[in-house]
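Chains as they are written, first to last, in the numbering used here: chain A, 294 to 622; chain B, 294 to 622.
Any given hint could be a false lead.
For chains that are exact copies, the list does not tell them apart, and a pair is met inside one copy or across any two.
Listed next, the in silico SDA-like pairs over lysine to any residue satisfying Cα-Cα at most 25 angstroms (straight line) [said to hold, decoys possible]:
id: 1; residue 1: Lys364; residue 2: Gly335
id: 2; residue 1: Lys606; residue 2: Asp402
id: 3; residue 1: Lys300; residue 2: Glu489
id: 4; residue 1: Lys579; residue 2: Val350
id: 5; residue 1: Lys492; residue 2: Met528
id: 6; residue 1: Lys368; residue 2: Arg417
No lab work stands behind these hints, which were simulated from the structure alone. The structure displayed is predicted, hence computed values, not measured ones.
Number of protein chains: 2
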Amino acid sequence: MSDFPKKVEFHEEGVREGFQIEPVTYPRAQRVALLDALSETGLAQIQVGSLVNPRKVPQMADTLELFAEIKKNPKVRYTLLWLNESGYQKSRAVQGAFNHAPLMYYLTDAFAMRNNNRTAADMRAEQEVWLDRYLADGAMVQKVYVMTAWGCNLGGPVSLETVTDAFKHAIGLFRARKLPIPPLYLADTMGWASPEEVKRRVGAVRELAPEARIGLHLHDTRGLGGANVYAALSMGVTLFDASVAGLGGCPFAGHKARQTSGNICTEDMVFLCHELGIETGIDLEKLIEASRMAEDIIGRPLMGRVMHSGSLKAFREGKAADSACVSVP
Amino acid sequence: MSDFPKKVEFHEEGVREGFQIEPVTYPRAQRVALLDALSETGLAQIQVGSLVNPRKVPQMADTLELFAEIKKNPKVRYTLLWLNESGYQKSRAVQGAFNHAPLMYYLTDAFAMRNNNRTAADMRAEQEVWLDRYLADGAMVQKVYVMTAWGCNLGGPVSLETVTDAFKHAIGLFRARKLPIPPLYLADTMGWASPEEVKRRVGAVRELAPEARIGLHLHDTRGLGGANVYAALSMGVTLFDASVAGLGGCPFAGHKARQTSGNICTEDMVFLCHELGIETGIDLEKLIEASRMAEDIIGRPLMGRVMHSGSLKAFREGKAADSACVSVP
């Protein structure tokens with residue numbers, strides 16, 4: 294029925310997305326163990342942490358030490374996130390990590406001000422400076438991120454044209470330099486996306502640069518994460534950011550909202566892909582083990598589903614014990 | 294793109310699905326309050342409880358008292374679940390409730406034995422007896438349920454042919470009596486469904502009786518609930534069982550699995566429908582209030598998402614306060 298891709302790639306961001314929002318800083322040894330477990334699952338890319346202001350995000354203050362201590366699986370790209378000059382310089386000092394240079398577009402002033410203390414227009418203008426900077430430094434620009442690509446809690450609804458304008462700007466920068474267009478990422482930073490709007494916006498971005506891969510950074514804030522991924526797969530999207538165990542989200546907002554605005558859950562979405570016959574290169578059973586390690590570290594039930602129910606593998610092989618709880622119907 | 298229905302109907306089952314699996318019995322007054330709140334949301338049908346063996350399911354022992362105490366909104370159909378003669382007789386004694394007479398098909402002996410202490414074939418044969426019984430009693434048969442329509446933890450994979458065979462049997466009973474075919478429900482009792490298999494099986498069942506409505510009873514056991522609903526909507530399915538706040542699931546199974554195999558979450562799926570432009574007749578904001586009441590009663594965070602993040606209404610109207618926690622990207 295749909296034109297699903299043969300293979301998709303998940304970029305694991307749980308250790309950053311999950312641990313940066315916890316009120317406490319977990320022992321580094323636990324994060325090392327989790328990252329090492331994730332490295333053995335077949336994940337192609339794993340984000341280790343962010344290089345941001347340690348006064349604002351103290352949970353990420355030891356990101357460079359963390360990066361140094363993990364086992365480096367040569368099959369995995371390890372990435373770091375930064376937002377400014379200082380973070381970039383730290384990242385450059387770490388072998389491998391600065392090859393994850395992104396361009397980042399903000400669509401609402403409110404969110405740009407909050408994350409970067411500058412307007413969306415100022416942030417946009419800076420992207421050309423960043424691009425040339427990266428090129429001069431020999432860094433590979435691996436993605437263009439457009440934030441709040443469906444809407445913004447701070448700035449309200451975001452139109453399709455606002456999204457395509459940002460991508461046009463980015464694409465123009467690469468074309469003017471006769472560079473290939475890197476993967477184009479739409480980020481649903483605050484959980485506004487719904488499946489038909491995923492299709493519509495992915496389709497519109499693809500028209501701008503049919504040769505580019507498209508990626509999504511989705512949050513399961515309002516329960517549509519899985520439906521959005523399914524819609525994106527039907528549009529041929531092959532790159533997804535995700536968080537093991539559904540890590541991430543906000544421990545402070547709203548009605549007992551702890552962790553409910555987390556990223557899409559890596560192992561649940563890997564399960565979805567496998568059920569659709571789409572390859573991921575990931576050993577789901579190993580990833581489930583890693584998600585359970587994440588839950589043991591965090592110390593409360595996390596939002597992932599397959600990590601609690603188990604995959605269907607053992608049931609299909611007739612090896613599962615009675616799963617205990619079932620009810621009519 | 295897809296041929297979505299104009300309107301769908303949700304059947305709320307949280308008070309049965311959710312409370313029957315808790316290790317304690319909650320005070321009836323709390324369940325009355327929750328049912329009364331749900332009655333004011335625009336839900337067309339609400340299941341009050343089940344009439345089953347109180348030794349096996351003590352949490353449902355006071356279902357008839359509960360039924361008697363709730364305010365009856367004349368716009369709502371209130372239903373009771375039963376599995377045997379004794380339950381049926383109790384249901385008959387309650388005005389209105391016995392018009393929810395279902396036929397129930399089991400596809401694996403293991404699950405049939407567990408729920409009913411009889412084989413799947415014996416259960417199938419009994420359905421004709423039940424149908425004639427219902428007709429003689431003047432009860433309306435409102436649905437045909439086929440359990441474990443994608444697979445069974447106890448009995449393993451279930452083929453498409455096994456599913457269509459069961460529906461053929463049911464459809465034959467109605468056609469032989471020149472009766473209209475009631476809604477045909479596929480139940481994913483244990484969370485084996487995936488979106489393409491939803492499309493495939495819904496399509497196959499529709500071919501058997503194009504004039505019948507199709508309904509789904511889905512569990513979000515493995516994180517695909519929303520994607521499965523979206524797939525079903527694209528096939529024109531208009532009837533969904535669901536549980537407010539994602540109530541339901543198993544407090545005992547697996548790795549800290551409490552509540553993780555719950556039903557699809559009513560308010561999250563109502564939100565999905567509204568985002569797709571599909572009417573539900575439900576006031577989402579009122580339903581979110583009811584879901585928060587459910588969480589307050591149960592006393593621990595429940596699995597619903599919109600109940601924690603809020604809908605997009607206030608954000609779209611520019612009335613929302615800063616949502617506090619957002620992060621890059």
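Original post:
Are the CA atoms of Lys606 and Asp402 at most 25 angstroms apart within a copy, between copies, both, or neither?
Top reply: between (47 angstroms within a copy, 21 angstroms between copies)
Original post:
When no copy is specified for Lys364 and Gly335, does a C-alpha distance of 25 angstroms or less occur within a copy, between copies, both, or neither?
Top reply: within (14 angstroms within a copy, 55 angstroms between copies)
Original post:
For the identical chains here, do Lys368 and Arg417 meet the 25 angstroms Cα criterion within one copy, between copies, both, or neither?
Top reply: neither (33 angstroms within a copy, 53 angstroms between copies)
Original post:
Within a copy, between copies, both or neither: where do Lys579 and Val350 come within 25 angstroms Cα-Cα?
Top reply: This pair counts as neither: shortest intra-copy Cα distance 30 angstroms, inter-copy 36 angstroms.
**OP:** Can you give me the call for Lys492 and Met528, within, between, both or neither, at a CA distance of at most 25 angstroms?
**Re:** both (6 angstroms within a copy, 17 angstroms between copies)
Original post:
How do Lys300 and Glu489 come out at 25 angstroms by Cα distance, when the copy is not named: within, between, both, or neither?
Top reply: For Lys300 and Glu489, the Cα distance is within 25 angstroms both inside one copy (22 angstroms) and across copies (17 angstroms).
Going through the hint list in order, the structure does not satisfy hints 4, 6.
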